[in-house]
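Which chain is which? The protein sequence lines are Y and X, in order. The opening residue of the first sequence carries number 1 in the working numbering; numbering runs sequentially from there. The opening residue of the second sequence carries number 1 in the working numbering; numbering runs sequentially from there.
Note that identical chains are pooled: a pair holds if it fits in a single copy or bridges any two copies.
With a Cα cut of at most 27 Å, we get these calculated DSSO-like pairs of lysine-lysine:
1) K6 with K650
2) K589 with K614
3) K589 with K668
4) K650 with K491
5) K650 with K16
6) K650 with K668
7) K6 with K491
8) K650 with K589
9) K16 with K491
10) K501 with K295
Note that these hints are calculated values from the structure, not bench results.
2 protein chains.
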Amino acid sequence: WRSRGKLQIFQYQVLKWALALFVGLVVALIGFFSNITVENIAGFKLLLTSNLMLQSRYMAAFVVYIGCSTALAAAAAALCAYIAPAAAGSGIPEVKAYLNGIDAHSILAPGTLLVKIVGSILGVSAGFVVGKEGPMVHIGACVASLLGQGGSRKYGLTWNWIRYFKNDLDRRDLITCGPAAGVAAAFRAPVGGVLFALEEVTSWWRSALLWRTFSTTAVVAMVLRALINYCRSGHCGLFGKGGLIMFDLSSRQATYTATDLATVMLIGILGGLLGALFNFLVDGILRVYSLLNEKGERYKIILTVTISVITSCCTFGLPWLTTCTPCPPELAGKCPTIGRSGNFKNFQCPPGHYNALASLFFNTNDDAIRNLFSAGTHGEFGVSTLLTFFTTVYTLGILTYGVAVPSGLFIPVILAGASFGRLIGTLLGSISGLDLGLFALLGAASFLGGTMRMTVSVCVILLELTNDLHLLPLIMLVLLIAKTVADCFNKGVYEQMVRMKGFPFLEVHAEPCMRSLVAGDVVSGPLVTFSSVERVGTVVETLRHTGHNGFPVIEEAPSAPAPELCGLVLRSHLLVLLQGRIFTRGRAKTSAGEVFRTLAPFDFAKAGSGKGLKVEDLDLTPEEMDMYVDLHPITNRSPYTVVENMSLAKAAGLFRVLGLRHMCVVPKTQGRSPVVGILTRHDFMPRYIRGLYPNSIPR
Amino acid sequence: WRSRGKLQIFQYQVLKWALALFVGLVVALIGFFSNITVENIAGFKLLLTSNLMLQSRYMAAFVVYIGCSTALAAAAAALCAYIAPAAAGSGIPEVKAYLNGIDAHSILAPGTLLVKIVGSILGVSAGFVVGKEGPMVHIGACVASLLGQGGSRKYGLTWNWIRYFKNDLDRRDLITCGPAAGVAAAFRAPVGGVLFALEEVTSWWRSALLWRTFSTTAVVAMVLRALINYCRSGHCGLFGKGGLIMFDLSSRQATYTATDLATVMLIGILGGLLGALFNFLVDGILRVYSLLNEKGERYKIILTVTISVITSCCTFGLPWLTTCTPCPPELAGKCPTIGRSGNFKNFQCPPGHYNALASLFFNTNDDAIRNLFSAGTHGEFGVSTLLTFFTTVYTLGILTYGVAVPSGLFIPVILAGASFGRLIGTLLGSISGLDLGLFALLGAASFLGGTMRMTVSVCVILLELTNDLHLLPLIMLVLLIAKTVADCFNKGVYEQMVRMKGFPFLEVHAEPCMRSLVAGDVVSGPLVTFSSVERVGTVVETLRHTGHNGFPVIEEAPSAPAPELCGLVLRSHLLVLLQGRIFTRGRAKTSAGEVFRTLAPFDFAKAGSGKGLKVEDLDLTPEEMDMYVDLHPITNRSPYTVVENMSLAKAAGLFRVLGLRHMCVVPKTQGRSPVVGILTRHDFMPRYIRGLYPNSIPR
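Excised from the complex, chain Y in its bound form:
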C-alpha cells in the first residue's frame, strides 16, 4: 500500500502541516491559559496574605497563606494520585523514552494531559519550588499525540484524513513538534524550543523535522505575542507583564577583563559541581519517595502535603530572620512595592523599608527570578539573604521533585543558580566589575549546564529569555565548563530518571560489554516462526500463548526447494488478517488483490495506544480454525537481517540508527534453519546481557 495517488499525497502533506501548526496553536493557548491562571491564583493568595500583613495580623496571614497552599497542593496531589499517576513529575523523561520507541502505558493519554494541565497550575500556585516548564513539554507531546490520533475515538472525534497518520513514523514526527512547542510556550523561546527537541528529547532526527518543528514554534510565538498584547490592556485579571517570563536584562556590558573571565570560570566549575550533586541527591530522594509512593495513593497525598507545609513554613518563616533594609532614596517611588510584583517587598517592615528575603521568598517563582536577574541593583540583596535563599531553594528543589505533582526542574534549577551566581557576584564584587544581574544569569546557566547537561538549547533559551546577545560568549563558556565538570561525576538528570524508571532506552553508544559478544549470543528463548501458508488454529494458538509482536515467516517445501526466510509479520497485522477471515481449505496462496478486496490498506494502520485488536477479540469457529491463511500479502518481504556472527555492538548500532523493533538474525553457514532468532529492544539492554553472561563480562 505504498502507491498512493496524487490526491492522497496532497491530503497527506496538507494534513502533516496543518497538524504541526495546529499543535503550535493549541499548545500556545494552553501555555497562556495556565500562565494566567497561575498568576491569578497565586496573586490572589499573596494579595490576601499581604493585606493581612499590612494590618499586622501576622498569625491570620500565616494561617491563610499555609491554608491556601496546602489546599492547592492536596488538590494537585489527589488528581495525580487517583486519576493519572503518569502525570506526576516533569514528564520530560517519559517523552524522551516515548520518542526512543517505548510505548509505555498511558504516557500520552487524554487523562494524563488533563491532570497535567490542572495539576501543574495547582502545584505552581501552591508555592512549591517547581516550574511549569517541564510539564509544558509533556503537555505539548500529549496534545500532539491526541491530534495525531484524530482526537479520541471514544468521543467520536475521528476524521477520515487522519488515517494517513496511523503509523509510527508520522506519529513520532508529530510528537516531536509537541515538546518544541511546549518549551516555546513556556519560555517564549521558539528557537530554543526547536533546539531543545533536537538536543534533549528526540532519538532520531531528520532535517525535515527541523523545518516542521520550527514552524510549530513560530505559530506558538505569534499566538503568544498576540495574546499578551491583548492582556496588556488589562483584560486578564491580575496577570501582569511578568506572566510569561521574558527578562529584559539588557545590561549592554560590552567589555570584560581577564579577572571577570576567571570569575566566570569559577562559577562554571562550582555550578558543575553543585549540579552534579543535585542530580545525585535527586536520584537518592526519588528512590526514597518511590518506596513511600508504592504504599498507596494516600501516602502520596500525605507526602505532598508535608512538603507543601515545609515549603510554606520556609517561605513565610525565613523572612522574619532578616532585618529590614531602608529603601534606597533614589527609588522612593518604587520601594516598598505595594502591589503584587516588584523588587521590594514590605512584609513585616515599617513603611520606607523592605525585607530582602521576603522579596525573594514571598513571590511567585518567576518574579523571584526576575528580581535576581535585575541589573543595576547592587545593594539590594546582602550575602546572608542570598545564602539563606540559595540553601533553602536548593534543598526544597531536591525535596519537591518526586512528589505526586506535575513538577518541572527548570525553575528550581534557575532559581538556585541565579541566587548562587548573585551570591558569588556579591562576594567577589571587589575584583570583578560585572553586573550582579549578569552574575545571576551566569549562575543560572552553570546550574542548568550542571544538571541537565544541555548546551546549545539552554544557551539559546537563556538568550531568548534575556534578549541580549552580547552575553552569548560568557554564557557559552559557563555552560561548557559546567557540563564538562559535571560529566565527570554522573549523567544528566533526565537520563538518570529514564534509567531509574526502567525504560528499555536504546543509548546512542553501545555498552562496552557488547563489544566482545556477537548477535547470536543474545538470541534466546524458543523461536516462534510461521510457515508462509499457515493453519489458522496454529496462528491463533501462537498469538495466544506468546507475547511476541513479530514473527519470521518461512517459505517451506512446496513453494521453495529448501526452507528460506520469506519475511517478518507483525502481530497487529495478523490479527487484522484473521479478523478479515480470508481463509482457504488447503495450503494455497491467496492473491494480494483478493485480500485487499476485503480489507482496505488502512485497516492495517496502527491504532491509537490501547485501541488495537486483541487476540481475545477474535471469534473464529472451530471449522475456520482448521482452514489455512496465506501470510504473503501481509509479510514484510525485506526485513533487516544481520548475520549471527556480527558484533553485538554493531548490531545494536544498526538497530538504534534504523529505529527498528525487530531484527532477524540469520545463520552464517548454509544448510541450517534460515533464521536463528529475532532481536528486539530488550535483547540490547545491558542488564539483560549481564544476566546472560554474568561472569565473562566485566562491569
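Place chain X on chain Y using the hints.
Then chain X, alone, in the frame of chain Y:
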C-alpha cells in the same frame, strides 16, 4: 585494534577537544585577518577615488577606481585559475559533498585554503557583488581538515598523537566543526554557525557533535570579541567598527497590526518567487560559464575581468543618473559623510547634498547592507534609487557567481533582499507602520529563504546579526512563506550546485524509481572476490586492473565445508599488508599476532588525501608474487549485508543512514555463491539506475 588502553583513550579525548577548540581559534584569526585586509584595501581604494571626486577630477577618479578593481579581480582570478581551481565559487557545495562521503580531489588541500583566503580578500576588495561568508565556510573546513591530518606531511609537520584521528569518522566530525566556525567568524553568529552546520552542511549528525561544534564556535566568538576590542582602540588601520558585520537594528517595535502581517506575507511570497528565479538563473549562468571555463585558464581570467569591468561601470556610472538630495537639516553633522563609511555619500553632489545611489553602490557591501538596514531613516532612499539598486545587484549577483573567484552568495542575496524589502516598504509606506529598516531585514530573510532554503539557521543568523529578538516571529513567518513558495519551483541553490557538479551525493530520500527495483537489480559488472588465503600475485594483479576499493573475502574449501562470506577487505589495507610482506609458501593461516608484530595497527590508519600507498609503489619480487598472503587479520568480519531481493529504496536508506562505502549483497536462496555483488555509492545514483533501466522506469 579496538582495545585501547586508558592512556590512549585519554590522549584521544584530549586531542579531540583540543583540535576542535584549535579549529575555532585558527578560523577566528583568519576571519578577522581577512576582514581587516578587505576593509583596508577597499577603504584605501574608495578613499583615493573619493579624494579625486572632491577635487572634481571625475575622469581620473573613474580610471583609478576601475583600475584598482580590475587589477584586484585579475589577481584573484589568476590565483584561482592557475593554482587552485577548487577554490573558485562558494565552496559550500563542495564541503557538503565531502561530508556526504565524497572524497573529491583537492577540495580540502592546503593550496585550496591559501588561494581561498587570498582570493576571497582580493575578490571582495575588487568590489564584486560577492561575500566572504561562503568562502569562510570552506576555509573553516580546510583548516579543520589540515589540523586533523596533523598539518602536512610534506612539510614535516606531523605529530604522533594525530594518528588517533586517521579514520573517516573522527575526520568527518572535525570537519563538521569547520563550517560552523566559518559561519560563526563570518557573521559573528556562534549559535547560527552550529545550526548552519547542522541544517545545511552535514549529512550525518550525532548529538555529541552539537556539543563539540558549539564549543568551537564559542571559541570563535570569544577570540573575535577580544580582537575587536583591541581594534576599537585604532590599531587596525582603516578597520572601523563596521568590519565584522553586526547590525544593531534595535527598533524595538513591539506591536504590529494585521495590515503589517499582510505586507510581511507579501514580502515572503515575492521573496520566494524571486529567490526561485535567482536559483534558476544562477543554474543557467553556471552552465554557460562552465563551457567558457573549460576552454582554459586564460578564458577564466578574461571572463572575471569582464565581469569586474561591468561591475565597476555600474557602481560608478549609475549614481550619476540620480539627482542630488539635500541633507535633512536635523542630520547636519552626519551628512554628507566625509569619511569612508556612513549613510550619506557626497559623490558628485554639492556640499550639503548627498547622492542616494552612491551611498549604496559606492561603498563596501557590508556598509551598503548597514545603510539599508538602518532604522528611522525614512526619506533617505527613494523608490527609483532602490529599484535601480535592486535590479543591478540582483543581476550582478547572478552574473558574478561562477567566475573564477572565491565568491559567497550570502552577501548578494542579503543585498538584493534588503533593497527589495526596503522598496516594498517605501511603496506600501502608507498602509504599514513598520520601520523601513525592518522591511529591509524581512526582505533579506525572504531572499535567503527563497534561495538557500534554510530556515532555523538563517533565522538565528539574522537574529544574531541584528541583535533584536523581538523580530523573531516576523522573521520566522517570512522564512516559512518564502521557503514554501520557492520549494514549489526548484531546489535550494546549494543542492542544485551539488547536482550540477556531478557529485554522487546520497539524498535523504530515495528516488521513486528505486521503489520498484530490488538490490540485486543494480548489482552489475563482474564481481571480484578474494579467497581468504590468496596468492600474492593474484591480489596485486587484481588491484592493478580494477579500481574497486572493497573486495569480499570468501572462505573456501579447506577451512569451510561450503564457500561462505568471510568479510570485506579494503584496498588500502591490502596495500599495507602487501607492503609488510607477511607471506607464506603455502595456503596457511597467519595469526593476527604475527601480522601485528610486523605492522602496527596505526599503519592501517587512513592516510591524508592523496597520500596513501598506491599499487604502483609495491615492489615485489616474482618469487614473492608466487607466495600466499592470509587476509583474515585485515578482513572486516561483519560487513553490512542485504539480501538480493530487498527493495532498492530500503537498501539506499540503509546505505545512507549508516554512512557506508560498500555493502555486500547476499543471495536469497542457498547453494549459490555466498555473495552476489557489492553496492557502492554509485549504484544508488538515479542517473546510473535510469541508464540500466531506461524504459521500465518513468522519470
